[in-house]
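**Student:** Given next are the chains, with one letter for each unit.
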Amino acid sequence: MSIAWQAQLDSIEATESGLESAGYIPSREIATAVYLSHHLQKPILVEGPAGVGKTELAKAVSRWLSLPLIRMQCYEGLDESKALYEWKYGKQLLYTQILKDRMGAALGDEPGMDAALRRLHGLSDLFFSEDFLEPRPLLKALRSPGGAVLLIDEVDKADQEFEAFLLELLSDYQVSIPEIGTIRADVPPIVMLTSNSQRDLGDALKRRCLHLHIGLPEARLEARIIASRVPGIDSTLRRKLVAFVQELRGLDLKKLPSVSETIDWARVLVLLHANELEPALVRETLNVLLKFESDIEVVAGQLGELLLKAKPEAIPVR
Amino acid sequence: MEGPLLDFFRAARSAGLRISPAETIEAARAAAVVGFEDRQRLRDTLGLVLAKTIDEKRAYGVCFDLFFKRASFSDPAGKAAGASAEEAPPMPGEMPAGGEGEGSGGALAAALLSNDQAWLAAAIEQASREARLSEISLFTQVNLFTRRILERMGLGALEREIVRTRTAPRGEALTQARDALRERVRGFVEQNLLLFAEGRNQEFRARMLTQARLTAIDRRDHERMRVLVRAMAHRLATLYGRPRKRDRRGVLDVRRTLRRNMAWEAIPFRTIWKQERIEKPRLVVLCDVSGSVAAVAQFLLLFLYSLNEALSGLRAFAFSSALADVSDLLTTLPIERAIPEVMARSGFGSSNYGQSLADFEREYMHLLDSSTTVIILGDGRGNRTDARADILQRMANRAKQVVWLNPETRTVWGTGDSDMPKYTPHCRVSITCNSLFQLERVISELLRVG
Chain A
114 MSIAWQAQLD
124 SIEATESGLE
134 SAGYIPSREI
144 ATAVYLSHHL
154 QKPILVEGPA
164 GVGKTELAKA
174 VSRWLSLPLI
184 RMQCYEGLDE
194 SKALYEWKYG
204 KQLLYTQILK
214 DRMGAALGDE
224 PGMDAALRRL
234 HGLSDLFFSE
244 DFLEPRPLLK
254 ALRSPGGAVL
264 LIDEVDKADQ
274 EFEAFLLELL
284 SDYQVSIPEI
294 GTIRADVPPI
304 VMLTSNSQRD
314 LGDALKRRCL
324 HLHIGLPEAR
334 LEARIIASRV
344 PGIDSTLRRK
354 LVAFVQELRG
364 LDLKKLPSVS
374 ETIDWARVLV
384 LLHANELEPA
394 LVRETLNVLL
404 KFESDIEVVA
414 GQLGELLLKA
424 KPEAIPVR
Chain B
23 MEGPLLDFFR
33 AARSAGLRIS
43 PAETIEAARA
53 AAVVGFEDRQ
63 RLRDTLGLVL
73 AKTIDEKRAY
83 GVCFDLFFKR
93 ASFSDPAGKA
103 AGASAEEAPP
113 MPGEMPAGGE
123 GEGSGGALAA
133 ALLSNDQAWL
143 AAAIEQASRE
153 ARLSEISLFT
163 QVNLFTRRIL
173 ERMGLGALER
183 EIVRTRTAPR
193 GEALTQARDA
203 LRERVRGFVE
213 QNLLLFAEGR
223 NQEFRARMLT
233 QARLTAIDRR
243 DHERMRVLVR
253 AMAHRLATLY
263 GRPRKRDRRG
273 VLDVRRTLRR
283 NMAWEAIPFR
293 TIWKQERIEK
303 PRLVVLCDVS
313 GSVAAVAQFL
323 LLFLYSLNEA
333 LSGLRAFAFS
343 SALADVSDLL
353 TTLPIERAIP
363 EVMARSGFGS
373 SNYGQSLADF
383 EREYMHLLDS
393 STTVIILGDG
403 RGNRTDARAD
413 ILQRMANRAK
423 QVVWLNPETR
433 TVWGTGDSDM
443 PKYTPHCRVS
453 ITCNSLFQLE
463 RVISELLRVG
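First to last, the sequence lines map onto chains A and B.
Adding 113 to a residue's 1-based position in the first sequence gives its number in our numbering.
Adding 22 to a residue's 1-based position in the second sequence gives its number in our numbering.
Treat the hints with caution; some may be incorrect.
Said to hold, decoys possible - Computed cross-link-like contacts, DMTMM-like style, restricted to lysine to aspartate or glutamate with a CA-CA straight-line distance of at most 25 Å:
{"hint": "1", "chain 1": "A", "residue 1": "Lys-404", "chain 2": "A", "residue 2": "Asp-377"}
{"hint": "2", "chain 1": "B", "residue 1": "Lys-267", "chain 2": "A", "residue 2": "Asp-266"}
{"hint": "3", "chain 1": "A", "residue 1": "Lys-195", "chain 2": "A", "residue 2": "Glu-243"}
{"hint": "4", "chain 1": "A", "residue 1": "Lys-422", "chain 2": "A", "residue 2": "Glu-397"}
{"hint": "5", "chain 1": "B", "residue 1": "Lys-91", "chain 2": "A", "residue 2": "Glu-142"}
{"hint": "6", "chain 1": "B", "residue 1": "Lys-302", "chain 2": "A", "residue 2": "Asp-313"}
{"hint": "7", "chain 1": "A", "residue 1": "Lys-204", "chain 2": "B", "residue 2": "Glu-287"}
Said to hold, decoys possible - Reference listing, derived: stretches of chain A covered by chain B, where coverage requires no fewer than 3 residues with Cβ under 8 Å from a Cβ of chain B:
{"hint": "8", "region": "133 to 146"}
{"hint": "9", "region": "149 to 155"}
{"hint": "10", "region": "314 to 324"}
Honestly, the hints are just simulated from the structure, not real lab data.
Glycine included, every Cβ here is placed at the ideal spot set by N, Cα and C.
Model the full structure from these sequences, guided by the hints.
**Tutor:** Encoded structure:
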């Protein structure tokens, strides 16, 4: 079965420009990963520090291909009744009550217990059918008719048992529901898992995925990202700002600023109508960029030097 | 599957990447999807499939560059070899023995004299495949493999030709070319040794070191040991670092049981037990750093201080003749510098267990409570001083448990000046610990039970 969005993924260059059109500037590796994920039908496991755009990637793919994004946030204690499916117990109970009277009619006037039981078996499994199934994110993604983007967010937060449960879904795009049977995806969704490396994921899980590590971007890429996300920013300021953030990443900080912080900071500077990185202004807005008091102190102490060292010349204007 | 790709997998495994057969199939499929023309793209692609951690990505990058930098992949003939093994080397089929034909010394001599680089590169590649160069494992095999490859390339015919035309200028030219070729093949073999065997040798060495007696480890291996200890500690820390729970079998968790059994009108077909948290252990470590035990002590300390997220507290004391609190030292300085500092401060004297235990009781007894585990590392040889096992008993009464690690084997406990028999009754566990392997076992057991 051929579907329109699948044709859009016909080359790595197309993937790259497609993601760009959705407002996500991918590195070469990211575009390759998305392309391969479709062609090999394998999920992508995205790892990297917080704020480098792991979740954003899934959103961009769904925007670009106009597919629904189905997101599942993982947490400790997540189990299959919350991730896969649940029976609609209330509805089941209600229906049994309503249909009680009809039972007599359905069973007819069978003479003996045995015959009645046989008759009952003959009826289809009324209450454990799809009508009473409450699909949760994973099942929704599998049954989504034109395909979907399934984002399993922060899979490292879930328990180990849940990880094992995911394996069937990830390798064959199918799940088994004991009462109904196996449900297979007609159109395999594009699956992305993200992890903050809070703990090491199991080898079995990793083996089933393409492993994409998104690091902090280099200056050129970051400048392009800022240009795309904060369109109102002046090009000189943008280059200066990116160069400064790149300098910061060379320091020994508790939490290095990542792309999302750079974007926030750029937005703040635009809001404040800044044309230039004035030391006073930078000092006041450092808290957007750095999330620890001790980090802010370290940077504030050598702000002048850092601003001097930041060389926007290395970054191309476009 | 293509030959060069298979060789690359072998090289990557030797570089420390764990690649399963399924992944090799996957990688070959991925490579087929993106094609072989664009080296950079191939690098990205295989990296996505094969390397699954940041460390592996780094190792992968190095290995990929090394592998595809080899001569055969950078000249035109080699480019084809990268794409497909079958059609690549335009090899004369009669290469190994035949081809002597008109007494010319075979195709090899012709290629050498006309300096046909493409032919030579392809021939070396083909001959090394036939000689199974990728299975090379020791540096002593370099000569052997060089010889085999040269023979397969037609060295025999070349030698005969050299002998025949010894005096003619042709003979001289051939002799020179032969020596140059030998060097080149030798270089090629060495490069392959680096690629295919280095990782395996490292692995072997690492395995030997885990089993070796800590007291007998050579100083030049210390750096490697530290890497090993850190890796072990990291593994344990990721395993036990997060909150863990265990079922208290028999104590029903009513709320969760009802929820789970809603489908059956809350008739409890499936029971769920209440859970209890497994507490991370709080450790107080007393290390004998006298000459006899110092080597073990430094690895124990390194191990424990690399574990931090799996522990809820750690205090370390070092003693030989008197006890000193070294926790501050170990937390503030990087461990490589802290340990020599500890040794310098209180190490290498003759040990006095009674005195050290008395020091502990006088000043630090308040550290012990019902959730503290006391680890004592020492051989229990107090040079015939008073053992003061009564203090150990009081410590054991206050603390959750006392674990005694002794680098000596159990058979010599109690011989000579060893006071071990007096101490062991107060320890929940007393065990021989004189290799990294044993050390890891003891500590992982501690963490598991909590």
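**Student:** Is the Cα-Cα distance between Lys-204 of chain A and Glu-287 of chain B 25 Å or less?
**Tutor:** 13 Å, holds
**Student:** Against the 25 Å threshold, does the CA-CA distance of Lys-422 of chain A and Glu-397 of chain A hold or violate the hint?
**Tutor:** Since the Cα atoms of Lys-422 of chain A and Glu-397 of chain A sit roughly 20 Å apart, the hinted pair holds (cutoff 25 Å).
**Student:** Can you take a look at whether the region 133 to 146 of chain A is actually covered by chain B? Rule is 3+ residues, C-beta closer than 8 Å.
**Tutor:** Held - the region 133 to 146 of chain A has 4 residues with a Cβ nearer than 8 Å to chain B, which meets the minimum of three.
**Student:** Regarding the pair Lys-91 of chain B and Glu-142 of chain A, is the alpha-carbon distance no greater than 25 Å?
**Tutor:** Holds: Lys-91 of chain B and Glu-142 of chain A sit about 21 Å apart, inside 25 Å.
**Student:** Between Lys-267 of chain B and Asp-266 of chain A, is the straight-line Cα distance small enough, at 25 Å or below?
**Tutor:** 23 Å, holds
**Student:** Okay, the region 149 to 155 of chain A and chain B, do three or more residues pass the C-beta test at under 8 Å?
**Tutor:** Contact hint for the region 149 to 155 of chain A vs chain B: holds, 4 residues under 8 Å.
**Student:** Has the given pair, Lys-404 of chain A with Asp-377 of chain A, been kept, meaning a C-alpha gap of at most 25 Å?
**Tutor:** 13 Å, holds
**Student:** Keeping to a limit of 25 Å between CA atoms, is the pair of Lys-302 of chain B and Asp-313 of chain A held or broken?
**Tutor:** Judged against 25 Å, a Cα distance of about 19 Å means the pair holds.
**Student:** Do the alpha carbons of Lys-195 of chain A and Glu-243 of chain A lie within 25 Å of each other, as the hint requires?
**Tutor:** 17 Å, holds
**Student:** State whether the coverage of the region 314 to 324 of chain A by chain B holds or is violated, taking the criterion as 3 or more residues with Cβ-Cβ distances under 8 Å.
**Tutor:** holds (count 5)
In summary, this structure violates none of the numbered hints.
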